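Produce the entire structure from the sequences given, and follow the hints as far as they go.
Chains as they are written, first to last, in numbering that gives the first Met the number 0: chain A, 0 to 270; chain B, 0 to 303.
FYI, nobody ran anything at the bench for these hints, they're computed from the structure.
Since we're looking at a predicted model, the values are computed, not measured.
Yeah, the Cβ is synthetic: ideal placement off N, Cα and C, and Gly gets one too.
List time: in silico SDA-like cross-link candidates among lysine to any residue, alpha-carbon distance up to 25 Å: (1) A:178 with B:20; (2) B:293 with A:87; (3) B:297 with B:196; (4) A:264 with B:126; (5) B:114 with A:15.
Only part of the chain A face toward chain B is listed, based on derived beta-carbon distances under 7 Å: (6) 83; (7) 108; (8) 116; (9) 121; (10) 207.
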Amino acid sequence: MKMSFRFSGVMFWLGMAFLYLPMLSLIVYSFNESRLVTVWAGWSTKWYGELFRDEGLMMAVWRSLEVAFWSANTAVLLGVMASVALTRFGRFRGRSLLHSLVAAPLVMPDVIIGLSLLLLFVSMTDVIGWPQQRGLLTIWIAHATFCTAYATVVISSRLKELDRSYLEAAMDLGATPLKAFIQVTLPIIMPALVSAWLLSFTLSLDDVVIASFVSGPGSTTLPIEVFSSVRLGVSPKINALATIIILIVSLFTLSVWWLSRRKLKRDNQAL
Amino acid sequence: MKKLFARLSLHADAGKKWVIAVPTLWLGLFFALPFLIVLKIAFAEADIAIPPYTALLSMADQAFDLHVYFGNFVFLTEDSLYLTAYLNSLKMAALSTLLCLLVGYPMAYYIARAKSSTQSILLLLILLPSWTSFLIRIYAWIGILKSNGVLNNVLLWLGVIDQPLAILNTNIAVYIGIVYAYLPFMVLPLYANLVKHDYSLIEASQDLGARRLKSFWNITFPLSRNGIVAGSMLVFIPVVGEYVIPELLGGTNSIVIGKVMWQEFFNNRDWPLASSLALIMLLILMIPIHLFRKHQEKEWEDSK
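Structure (structure tokens):
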């Protein structure tokens, strides 16, 4: 076993280097004085200043955060419902339909989702006069839709493992199914809801293709803004933005991991 | 609050219906219904109007007039550009799936065999990059692969090459970008499968004299089939329609269907033709999507 173990170990750390070196180079070159991203001309933080002075970009950041927040809320709400239906209700009419509706968005290419939703919105405007114009509202609907699929996967995998006896005990003691769900199931699956929310939030913050199709004038999100400037070539400002994003995500994830590990250790000690 | 619970419990069955109906209706309206509209517009004619296509159904002389236009599909067969784009996309998706599998399998295997306390941090390290922006990670490769980029500078400095390699704007750059972006989607389902394996099977086979490679090939690999299928579908299907990576890292000659469709839609404003292209892509992807759905359903069924 030892040899294949060593082979997989080498592959693992090579893979890690492959995943992390590009990010490292972004961070290093964000502090480069020179406008030519790859020619080193000494340390400088001037690109960070330029980034924060770029009003268009900063507006796009807020718009993106707003859309991501509401998309994540909607996706978790719909995801909880879909998960409960799929893991708790046994067989029901439309189960297989719901299965397909939840599984297909996970793999559907973005260009197809984007195009088809835009055509839907255009037809709806034609027939019922709503939505009057495309903008943050339509991006929110689009993002909530594909994020629901991911949220459902995360939540249902937790619900599946849940010990049903707690729920049965609550119901034996006279709780209605809804009350038992809110007071017993919900607290237990809370970590899964939080990770589903965070996943939806990052997916929404990250999407450029679908948003390009369904956005309207004046509603460019951060990825759309970044994409249009990246298409013109490398820009040190984007490096600075990337560094800030990488920093926030890493700090956040590592602290969550550290806290949960500490809690686990304490729980073990308590036993 | 008590009253509310009591009232709601009276309608427990109704409540159950709502729990099913709300997500089904939302996804039906915003995910399934749009495909029917794509189907409709694929058979319409491009028009200079808002929206830029002709109506399929129109009222003329008190009667419905059905106007079905096959011209888009005829046009797609006449210009070899479209066939090339579909074939390129399929080839690109198949090859990148294979590459992801080759790189991702040993990585997933390593995590699954690690101590259970270190597994979570290793998984976190795999996932962490995918939580930062996808666009920015692809953009990082432009800076690395450019002719005066990081990679060429390092290789020149090491003396491995004496002239910068032209990697950016080639298919190699596109493959690097795709493997980079989609690797976690391959590793995760493989890990989820491999971690469940009963290690005593391997030990038994080795006690019986099987060599390591042989027991891997005869036991571990076949047992991980479900993980391989899931990971491959998660890579293959979206890559067929990938637009951002070929656009940023590929050259003008990397013609893939996602890019062609985007150009027809945004640059030529030919919505019906873009719809026909999407429709055909959807038909091609029908079988792999069905396979993936079957797999997902099994995952959910296992719940009991």
